[in-house]
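Can you build the whole structure from these sequences, using the hints too?
Quick mapping for you: the protein sequence lines, in order, are chains A and B.
For what it's worth, our numbering labels the leading residue of the first sequence as 1441, then goes sequentially.
For what it's worth, our numbering labels the leading residue of the second sequence as 27, then goes sequentially.
Hints in this document: simulated from the structure, not taken from any laboratory.
Treat the hints with care, since some could be wrong.
Stated by the list, open to error - Here are the simulated SDA-like pairs of lysine to any residue, each with C-alpha atoms no more than 25 Å apart in a straight line: (1) A:K1489 with B:K83; (2) A:K1509 with B:Y126; (3) A:K1546 with B:L114; (4) A:K1546 with A:P1519; (5) A:K1509 with A:R1462; (6) A:K1546 with B:Q67; (7) B:K39 with A:P1480; (8) A:K1546 with B:Q43; (9) A:K1546 with B:R99; (10) A:K1489 with B:V123; (11) A:K1489 with B:L109; (12) B:K83 with A:P1470; (13) A:K1546 with B:G66; (14) B:K39 with B:R56; (15) A:K1498 with B:S124; (16) A:K1509 with A:D1540; (17) A:K1489 with A:S1443; (18) A:K1489 with A:P1554; (19) A:K1489 with B:S124; (20) A:K1498 with B:G127; (21) B:K83 with A:D1540; (22) B:K83 with A:T1491.
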Amino acid sequence: AQSVTQLGSHVSVSEGALVLLRCNYSSSVPPYLFWYVQYPNQGLQLLLKYTSAATLVKGINGFEAEFKKSETSFHLTKPSAHMSDAAEYFCAVNSGGGADGLTFGKGTHLIIQP
Amino acid sequence: KAGVTQTPRYLIKTRGQQVTLSCSPISGHRSVSWYQQTPGQGLQFLFEYFSETQRNKGNFPGRFSGRQFSNSRSEMNVSTLELGDSALYLCASRTDVSNYGYTFGSGTRLTVV
Chain A
1441 AQSVTQLGSH VSVSEGALVL LRCNYSSSVP PYLFWYVQYP NQGLQLLLKY
1491 TSAATLVKGI NGFEAEFKKS ETSFHLTKPS AHMSDAAEYF CAVNSGGGAD
1541 GLTFGKGTHL IIQP
Chain B
27 KAGVTQTPRY LIKTRGQQVT LSCSPISGHR SVSWYQQTPG QGLQFLFEYF
77 SETQRNKGNF PGRFSGRQFS NSRSEMNVST LELGDSALYL CASRTDVSNY
127 GYTFGSGTRL TVV
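And the structure:
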């Protein structure tokens, strides 16, 4: 079985500050991990994915995430927040084979304060 | 390259009716999966199709069904609609089942009244 926990349903940061969105996963096998962003009334856009290559993954729009097996974590960071980063962020896991699809966390709403 | 196209974007149906949603994957993508997004339950996996075969299904009642055509386009159907079926239905495509590059469409917003 696979599961994802995102800590904090809402995270507020000032423009220019560090963004840190937390994600912990549970998987019985080495997982594939993803971060998606969703803007209002839109679908999901892939920010980055971990597929067992480098543990530090760089994505679009300046985001990156580090896979830490010992902590079963895949936290998303961005050094400097921009107003356009305000959105809903979802962490997802797939334990391989893909037959069970992606399992998503509940999401974190990122608020950027001017 | 066109993205994943879902039609219609918005739909309003009455309880007890049935509805069919359509998803056209990215050209060359042979796998299509469907997800339901609601404020209460979040994003939940419905099913995935590859080469016209359903690979797996999430924990949803039999009222939810789908199919995939030879051109990889997919439809999902919900029969006997309930108020709780109101949701954003998202479709995702990928090249094949060994590739984890899922691309999502913009979704169909279904409202059941």
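Numbers of unmet hints, in rising order: Structure breaks hints 8, 9, 11, 14 and 18.
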